[in-house]
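Visitor: The lines below spell out each chain.
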Amino acid sequence: MASEPISIVVVDDHPIWRDGVARDLGERGFEVLATAGDVETGVRAVRSTTPDVVLMDLNLGAGSGVDATRKITETAPGCHVLVLSASGEQEDVLEAVKAGATGYLIKSASAEELVEAVRATAEGDTVFTPGLAGLVLGEFRRMAAAPSADTPALSERETTVLRLVAKGQSARQIATKLSISHRTVENHVHSTLRKLRLENRVELTRYAIEHGLAEE
Amino acid sequence: MTIRVQDATSPMWLGTGLLRVVTYPFAIAAVAVNYDTYARPWLGVTVLVFMGLWTLVTLAYSFRPALRRGWLVIADLLVTSGLMLTTLAIFDLSIPEHVPSVITTVWGSVPAVAMGVYGGWLIGASGGLLLAVCTGLARLTIDMSLFTDAVLLIGSGLVIGMASTAARRSMVTMQRALRTEAATAERERLASSIHDSVLQVLAHVRRRGGELGGEAAELGRLAGEQEVALRSLVASGPVSSAGESGEVDLLGLVRPLGTSRISISAPAGPILLPHDTANELTSAIREALVNAERHAGPSAQVWVLIEDLGTEVVISVRDDGAGIPQGRLEAAAEEGRLGVASSITAKIRALGGTASLETAPEEGTEWELHVPRVRPEPSTGLARLVKRRQHG
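Residue numbers (my numbering), protein chains in the order written: chain B, 1 to 216; chain Z, 1 to 392.
Treat the hints as calculated values from the structure; they're not laboratory data. For each residue, glycine too, the CB sits at the ideal point set by N, CA and C. Do not take every clue at face value.
Unchecked claim - Residues on chain B that point at chain Z, a partial pick, calculated with CB under 10 Å:
id	residue
1	His14
2	Ala109
3	Leu137
4	Gly138
5	Arg142
6	Arg163
7	Ala175
8	Leu178
9	Ile180
10	Leu198
With the sequences and hints as input, model every part of the structure.
Guide: This is the structure we're talking about:
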């Protein structure tokens, strides 16, 4: 175990769940710095405490967890956002990942999976469930169907790795299968997310220029 | 939520007003041409001026919905009929065989249109009939021309009346549809927030139950199963037919198959396939899942990956069970008891695709199904038949 506990902020509008998760993580040696029930409080709490990991619910009543994720990754780049969502809304998950979340877990994940995911997120690793891999794969295919000059594409290796992840193979199984190191598998996965985010930024910039928002 | 809908007949009222403005110059021209044959030219000019004023008065209902009243429409009819009859006083009737032309000309037909717009086909046709009678009286002659005018007057009132009734009806239908849509959207919004809360509680019960152990663990497990079932239901939404092409979203059919042990990975957007293709694929997936459960045991995990490559749809169904020992598959095939596997293969072949099964001891089994996306065209059936022949 590291000498300093991993610090966490939990953003979730459902009090029973929020406090339950906070208590569970506290009992397992994590330091829960704050909890919040809406976008504004959440973003403020993260800015003032700068935790290692933000556990983010996507369905935040009045506001969206996607917005909160964007604000957090823009203003507090050191904090890693792990999306923990109840109702697997596919589009929202994809948007949150584009906005900078480095992982996604559905709430039905077991306590062990959650702890594991929080540790990985704190170390800057991506937490990729098969479901998320399927989404990302689909998104790149969608972009490839109508490509423009700066559309990012997955390399053949990245596609292979993502497909294996989507079919439930662990990083270790994939490493063995492809005869590459565990770390290389992680890198491939990470790089797909980076490309996705880049595309998102390019899109946003293009939108801003087209609508005269970026005249500086 | 309120829905503001414009009066469906508004454009028709505007048209009626426009018709009167457009026909007025005809009346002016007729007065200019016939001026010399008038017994009382001053009356002709006075009637013409009055027609101009009345045109302005009746323009009111074109622009003010509140004035689209029965009394104004009836007044219009009576005033116009009266003006038509002034023909008798304007023309010199002493000349035999001189048929006077009605002073109002085609301008006088507008009330029939207005009545049709106001009250439907019967009222419109009645208005036309009254105007036809007035035309006959004003001309003091019964001839073919009168019959032609009568048919046109009654006909325009009738047709416009039918059109306005139809417009009103479709507007009512549309309003009802809009209201239903708004209600559905509201219900969905409420449902999604309720679902979210229920999911949260179920997830919490499952977590706590698992930690407490014993009987609580059993409760937690049950809650967990319901949580996954509800989640896939919410995520899939209604299986709606995607429009006139008869295509359905494959994901809407497959996502509900997900459970705590079956993970479904797919793109965010819909994968639209012809109705039959989507159903056959779904049933092939279902069979593969049943197969996995039978061979890999009830505790095995299964992952379904659905990919849309544009020209084809690829589906992988993998389990982490013991796999099928080498030789057993072939032996089974030889003995002709490869029920499930051959059923899946046959289904996929019928769709013009391919199915392959990979398995190794301790590595589970993996189905990979490739199905081409064929655009619906007449040659498809034949091509499929030919393909089937080649395979079978």
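Visitor: All the hints need checking, so say for each whether the structure fits it.
Guide: Results of checking the hints against the structure:
1. His14: With a closest approach of 4 Å, the His14(B) hint holds.
2. Ala109: holds, 9 Å
3. Leu137: holds, 7 Å
4. Gly138: holds, 2 Å
5. Arg142: Where the cut-off is 10 Å and the nearest Cβ of chain Z is about 6 Å from Arg142(B), the hint holds.
6. Arg163: holds, 7 Å
7. Ala175: violated, 15 Å
8. Leu178: violated, 15 Å
9. Ile180: violated, 19 Å
10. Leu198: Since the shortest Cβ distance to chain Z is 19 Å, the answer is violated.
The structure fails to meet hints 7, 8, 9, 10 from the earlier list, while all remaining hints are met.
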